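Visitor: Please work from the sequences and hints to get the whole structure.
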Amino acid sequence: MPKLVPDLLKALTLLAAAILCAGLANGLAGPERKLGWGAWSPAPMAAAPVAVPAEAPAAGPAPAAPPEWPAAPVRPLAKQPSKPAIKPPTPAAPPASPAPLDAAARFPPAPASVIRELDSDSAWTAFQLKVPFLDARRSADFEEGHVAGAWSLPVWEAGLEARLIGFEAKANPQPKAPLVVYCSGGDCEDSHLLARKLVELGYRNLLIYRDGFPDWSAKGRPVARGARP
Amino acid sequence: MSRPGLLLHPWLTVRAQIALGAVFVLAALPKLADPPGFAEALWNYQLAPAWLIHPAALALPWLELLCGLALCLGLWVRAAAAWLSALLLVFILALGINLARNHPVDCGCFQVQARTRSTGERVADMRWAILRDLGLLALAAQVLAAGARRRD
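Just so you know, the sequences run in chain order A and B. The working numbering runs 3 ahead of the 1-based position in the first sequence. For the record, in the second sequence the residue sitting at position 89 is 86 according to the working numbering, with numbers rising by one throughout.
Worth double-checking, as some hints may not be accurate.
Quick partial rundown of chain B residues pointing at chain A, CB under 7 Å, derived from the structure [said to hold, decoys possible]: (1) Val22; (2) Pro33; (3) Ala36; (4) His51; (5) Pro52; (6) Leu55; (7) Ala56; (8) Leu60; (9) Ala76; (10) Ala79; (11) Trp80; (12) Thr113; (13) Glu118.
Since the hints were made in silico from the structure, they are not lab data. None of the values given here were measured: they were computed from a predicted structure. Note that the Cβ used here is the ideal one computed from N, Cα and C, for glycine as well.
Guide: As structure tokens, this is what we get:
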């Protein structure tokens, strides 16, 4: 018993040393391994945005323009040509509306559900309509293979903010233009987390490709490797 | 020698201490290598408040490593064993709550990469993890009890 106090001090010293080491290691870590101490951390899922009429936080009917960047005319992606009026192959049971000509018309924003899920065929349609694809998985997974032309926005890495700025600068997405978000399907939550992050930033038309990259590659659709140039 | 005397024999304590320390050093390394992965694993438990996830993901692996090393080296044994007991209790509780509410998670104990596995596999692994943690807790209790006994 009399030794309890020194033991307690030693225990506190161990904790302090652990926090100190963690701070040092985190300070030295590269962006793929770094974590912000108090950075954005997704709140626990209240009601997971499932199926078509999903609810999402901060979903206002107001045409909220994000403060960080001015509303700009729809511009093509850095690598991709302007949206061509390809006729979509009319997929089975699209969660959004049926089949018009371009991305904005094919995937119109739904104020009541800013985050919706997308089935495999609709994801293919969106790809053909040049909707930007956002990859929420870890950057190492992205480099091993991703949807061709996708943007790497690893939701758990500290480099996310910088990548988001890069994506916005190059792709210049409109708040209401559709964005496809994916991760590795199944019970992967990363795409939902990224979608909610984007809602916080003011985006209002997020389509979660439910089956994610495993489905994409299994169907032999265009895949790219390595970091995005 | 009485039965408690055997159970608390220094020969056993040294081995329990080194085994426990080694397990925690091994468990800490993959988490130290990938803090974002560990943060995701912690988040998946859906127990800790959001503000705690990142600090815990950064500091917890170091605490495991330092306490594990302390036990292996025989330094500050009681303080380190007390920490590891506390951590083990938290792990058992976290796994138990998620098992009870039927929310299968990847343990994140020795591996932090997200894996696609079936619910059944996850549940089986969680049961094993709880058993393993109980075993480790017994080692920690032995170290603590033997230390207390020597001191009296």
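Visitor: Under 7 Å, Cβ to Cβ, is where B:Val22 needs to be relative to chain A, so tell me if that hint holds or is violated.
Guide: Since the shortest Cβ distance to chain A is 13 Å, the answer is violated.
Visitor: Have a go at the B:Pro33 hint: is there a Cβ in chain A nearer than 7 Å to its own Cβ?
Guide: holds (4 Å)
Visitor: Have a go at the B:Ala36 hint: is there a Cβ in chain A nearer than 7 Å to its own Cβ?
Guide: Check passed: Cβ of B:Ala36 comes within 6 Å of chain A, closer than 7 Å.
Visitor: Is the interface hint for B:Pro52 satisfied, with its Cβ closer than 7 Å to some Cβ of chain A?
Guide: holds (6 Å)
Visitor: For the hint on B:Ala56, just tell me whether its beta-carbon gets within less than 7 Å of chain A.
Guide: holds (4 Å)
Visitor: Let's test the interface hint: is any C-beta of chain A closer than 7 Å to that of B:Ala76?
Guide: This hint holds: B:Ala76 lies near chain A, its Cβ roughly 4 Å from the closest one there, short of 7 Å.
Visitor: Take the shortest C-beta to C-beta distance between B:His51 and chain A; is it under 7 Å?
Guide: holds (5 Å)
Visitor: Can you verify the interface hint for B:Glu118: is its Cβ closer than 7 Å to any Cβ in chain A?
Guide: Violated - the Cβ of B:Glu118 stays beyond 7 Å from chain A, reaching only about 12 Å at its closest.
Visitor: Answer holds if the nearest beta-carbon of chain A is closer than 7 Å to that of B:Leu55; otherwise answer violated.
Guide: holds (4 Å)
Visitor: Does B:Leu60 pass the interface hint, meaning its C-beta sits closer than 7 Å to a C-beta of chain A?
Guide: At about 4 Å, which falls below the 7 Å cut-off, the nearest Cβ of chain A leaves the hint on B:Leu60 intact, so it holds.
Visitor: Close enough to count: is the Cβ of B:Trp80 nearer than 7 Å to one in chain A?
Guide: holds (6 Å)
Visitor: Against chain A, with CB atoms and a cut of 7 Å, does the hint on B:Ala79 hold up?
Guide: With a closest approach of 6 Å, the B:Ala79 hint holds.
Hint violations for this structure: numbers 1 and 13, all remaining hints satisfied.
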